[in-house]
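Trainee: These are the residues of each chain, in order.
There are 2 protein chains.
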Amino acid sequence: MNGYRDLRVALLGCGSVGAQVARLILEHGDELAARAGARLTLAGIAVRNIDSPRDVDLPRELFTTDAERLVQSADIVIELMGGIEPAKTLILEALQGGADVVTANKALLAAHGRELADAAEQVGAQLSYEAAVAAAIPILRPLRESLAGDHITRLLGIVNGSTNYILDRMDRFGDSAEDAMRVAAELGYLEADPTLDVEGYDAAQKATILASIAFHTEVPVEAVYREGIADITLAQIETAKQAGYVIKLLAIAERITSADGTDGVSARVYPALINRDHPLAAVHGGKNAVFVEAEAAGELMFYGAGAGGAETASAVMGDLVSAARRHVIGGPGLPGSLHAELPILPVGEVSTAYQIMLDVQDQPGVLAAIAGILAEHGVSAASVTQSVAEDAAGQATLVIGTHVAREADLAATVEALRASSFVVGVTSMLRLEGQA
Amino acid sequence: MNGYRDLRVALLGCGSVGAQVARLILEHGDELAARAGARLTLAGIAVRNIDSPRDVDLPRELFTTDAERLVQSADIVIELMGGIEPAKTLILEALQGGADVVTANKALLAAHGRELADAAEQVGAQLSYEAAVAAAIPILRPLRESLAGDHITRLLGIVNGSTNYILDRMDRFGDSAEDAMRVAAELGYLEADPTLDVEGYDAAQKATILASIAFHTEVPVEAVYREGIADITLAQIETAKQAGYVIKLLAIAERITSADGTDGVSARVYPALINRDHPLAAVHGGKNAVFVEAEAAGELMFYGAGAGGAETASAVMGDLVSAARRHVIGGPGLPGSLHAELPILPVGEVSTAYQIMLDVQDQPGVLAAIAGILAEHGVSAASVTQSVAEDAAGQATLVIGTHVAREADLAATVEALRASSFVVGVTSMLRLEGQA
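In the order they appear, the protein sequences are chains A and B. The opening residue of the first sequence carries number 1 in the UniProt record's numbering; numbering runs sequentially from there. The opening residue of the second sequence carries number 1 in the UniProt record's numbering; numbering runs sequentially from there.
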């Protein structure tokens, strides 16, 4: 058509995303050619088992089990197999052969992103992976390109739909944690093994990718501080609500300065309080959003579907068209810039406010003793609420909201509270994020 | 530094945005060089009056009144003068000379966007204008590139911060329209002549740009149907609130099919109802947001500052770095693709639901008569509420929510209601947007 050159596209993997990508390439050929400036030919689809059932009816002759051979003949390789191997070897082979690579493989990128980026840069190929974070939401390209002349200072992401669905049910419908988990599992929001989602591993992989791009610094996934939502109770959610907050599992990447003056990066994942009028508070159900704070741009938010075959395929297709244009125009791909090489600082250097719930002996002097413990650690209380009337055992529940302080000091404060004879137990400790 | 090549950047205009752009170029030289792969040298700043006060202290020797000469020596021209001339002539000269152009000039783009895009394409130069719509929010690049393999079906934008501020005050604080306007003017949200904002002209210019990019079709600003917010009353806002809606001035671009089966594009601006749990309902104050619906990606939203010197400068800087990269890599700029050439359909072909408020004679048969008028025009009522108790004159106020129908039928229905002897007056007619 119109003298467009042909580009051969190899698709590795044909699950729910791959099947949609194949469909879009086959159905929208003319439209894609007009947008890319080249005709995209689906050269083949590598799968483990050609006879497996697919979401989309695709021509049988496209399927092959010989991924390596398919990769060798391709101009652009789309990797949607998931997992580390053989995906990693195939991607490296593709890049070394000069093909561009589009992938949604967040686990691989979190573990070996730098190696892949270096391989791409050596031959001037393009490695892109918009679909790896927050599926359909265009976030990596805006961070890399639209904000290229600005300085990102902080990034708060709701990047795991399953856990957002669970927390949102608890907040909006008053479900217990167990009930919300059960419904999420029934609706397919949770994997058979929900640990990756619930314990925050999935969000940590995405935090790695986001922090690396935002701060031009390699952020290994092992350096991401991580807490999941497994221990979040309905009582915590209700207490948060009464104080005007909502609990969200956040992936956070932030430029911070340590106590000794070192400028660096913090990457962390934990359930945190955010103000109910913060834009992230309106992210319901399984949706994702990334809230970005930049020096010049101020506050931005990118919102949309964080999962789904067609939704994720949309992001893959954007990368595909972009890679095709590069082939048409010539010139090297956009390198994965890691020039800043900032130190990764431990979570102890982070500054936030805390909300601490504790059961205390209801006796004279308890408030003074608690205030003393806070003051000893350089932490000041912004509010103290006796949230539950004293019970039969002569106990009361206190909710303490602190001013912003260093995590290390706050953690030490909680330890000292636990050790105090007035304190029966510390029942909740949540950080408040999204404040100016 | 590091053998980077130098690129000469000419800045035309030094108002609140231009001054911030100059500051960022001068202050972040090394960082920009690392990101762009070239050193960006600010060759000069063309202004009308060198001695005018500026927001930022800039070296006097950079200023010139000879814009034409400055443009001739530049690799990249940033146009922030605003207005049609001399901006248009200078941009055309720059493009014809092979320079890339970055502009935030929405009025110029809305009026002459195609001419500028054609001039850029002829020489392979890049014309970019992320800052022209929703200032700091990366929206044009995601539409063009991230969604390049998807099909956008609808786009709802809160793209005028002044009117959003006014409507938000009325909704959240119960201000009258006059009070909200006064506060907006005091806080600098409104120009001395507020017509451009209040009557929806500014939003219509942005609708033109968004619709053209989303649908690869030239959408002249004259083809954008436009109503402003001048007639919106607190009573309408309160009635909307009671029904679970909020009123927002929306710029809408939509793929629609006309009654005769023609596939085309609708571009329109009017105050519309949206559900209070729609993500756009959480866009408060002077903020902007663009809600995008695409076939594969589903629902996306892009949120952030829609005005401000530094905020707008952030978008300009992103375009600048992108243009610089193109110079380094070589190859032509991304052309402004208008290949689809879809027909622009009149507002009468649009389908929405209506909310109609009318004062009626409180006498037997009135409801039947009104139901008859709706049925005659093929419009069915979803709800009828008597929102105000009958008054001394024997009148009552009805609020009718219709099902989705074609605008032409709804407009005819409203006309027929006005002509009915039972109807004292139609006091409000608002469309409901953002429904599936």
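These aren't lab readings, by the way, just hints derived from the structure by calculation. On a predicted model such as this, the values are computed, not experimentally measured, just so you know. Ideal Cβ positions, reconstructed from N, Cα and C, are used throughout, including at glycine. Honestly, I wouldn't trust all of these hints.
[What the hints assert, rightly or not] Facing chain B, from chain A, some residues (calculated, C-beta under 10 Å):
{"#": "1", "residue": "A135"}
{"#": "2", "residue": "P138"}
{"#": "3", "residue": "L143"}
{"#": "4", "residue": "L147"}
{"#": "5", "residue": "P220"}
{"#": "6", "residue": "V221"}
{"#": "7", "residue": "A223"}
{"#": "8", "residue": "A235"}
{"#": "9", "residue": "E238"}
{"#": "10", "residue": "V316"}
{"#": "11", "residue": "M317"}
{"#": "12", "residue": "L334"}
{"#": "13", "residue": "A396"}
{"#": "14", "residue": "A411"}
{"#": "15", "residue": "V414"}
Trainee: Can the hint on A411/A be confirmed by a CB-to-CB distance to chain B that is less than 10 Å?
Mentor: This interface hint is violated because 33 Å lies over the 10 Å limit.
Trainee: Are L143/A and chain B close enough, Cβ to Cβ, to be under 10 Å, as the hint says?
Mentor: This hint holds: L143/A lies near chain B, its Cβ roughly 9 Å from the closest one there, short of 10 Å.
Trainee: Can the hint on A223/A be confirmed by a CB-to-CB distance to chain B that is less than 10 Å?
Mentor: violated, 23 Å
Trainee: Less than 10 Å between beta-carbons is the criterion; does A396/A satisfy it with respect to chain B?
Mentor: Result: violated, 36 Å to nearest chain B Cβ.
Trainee: Is the interface hint satisfied for P138/A? The criterion is a beta-carbon contact with chain B at less than 10 Å.
Mentor: Status holds, d = 3 Å.
Trainee: Given a cut of 10 Å on the nearest C-beta pair, is the interface hint for E238/A held or broken against chain B?
Mentor: Because about 21 Å separates E238/A from the closest Cβ in chain B, which is outside the 10 Å limit, the hint is violated.
Trainee: Given a cut of 10 Å on the nearest C-beta pair, is the interface hint for L147/A held or broken against chain B?
Mentor: holds, 6 Å
Trainee: Hint check: is the beta carbon of V316/A less than 10 Å from a beta carbon of chain B?
Mentor: holds, 8 Å
Trainee: Going by Cβ atoms only, is V221/A closer than 10 Å to chain B?
Mentor: Because about 25 Å separates V221/A from the closest Cβ in chain B, which is outside the 10 Å limit, the hint is violated.
Trainee: Take the shortest C-beta to C-beta distance between A135/A and chain B; is it under 10 Å?
Mentor: holds, 8 Å
Trainee: Let's test the interface hint: is any C-beta of chain B closer than 10 Å to that of P220/A?
Mentor: At 22 Å from the nearest chain B Cβ, P220/A fails the 10 Å test, so the hint is violated.
Trainee: At a threshold of 10 Å, is the proposed contact between A235/A and chain B supported by beta-carbon distances?
Mentor: violated, 26 Å
Of the hints listed earlier, those the structure fails to meet are numbers 5, 6, 7, 8, 9, 13, 14 and 15, in rising order.
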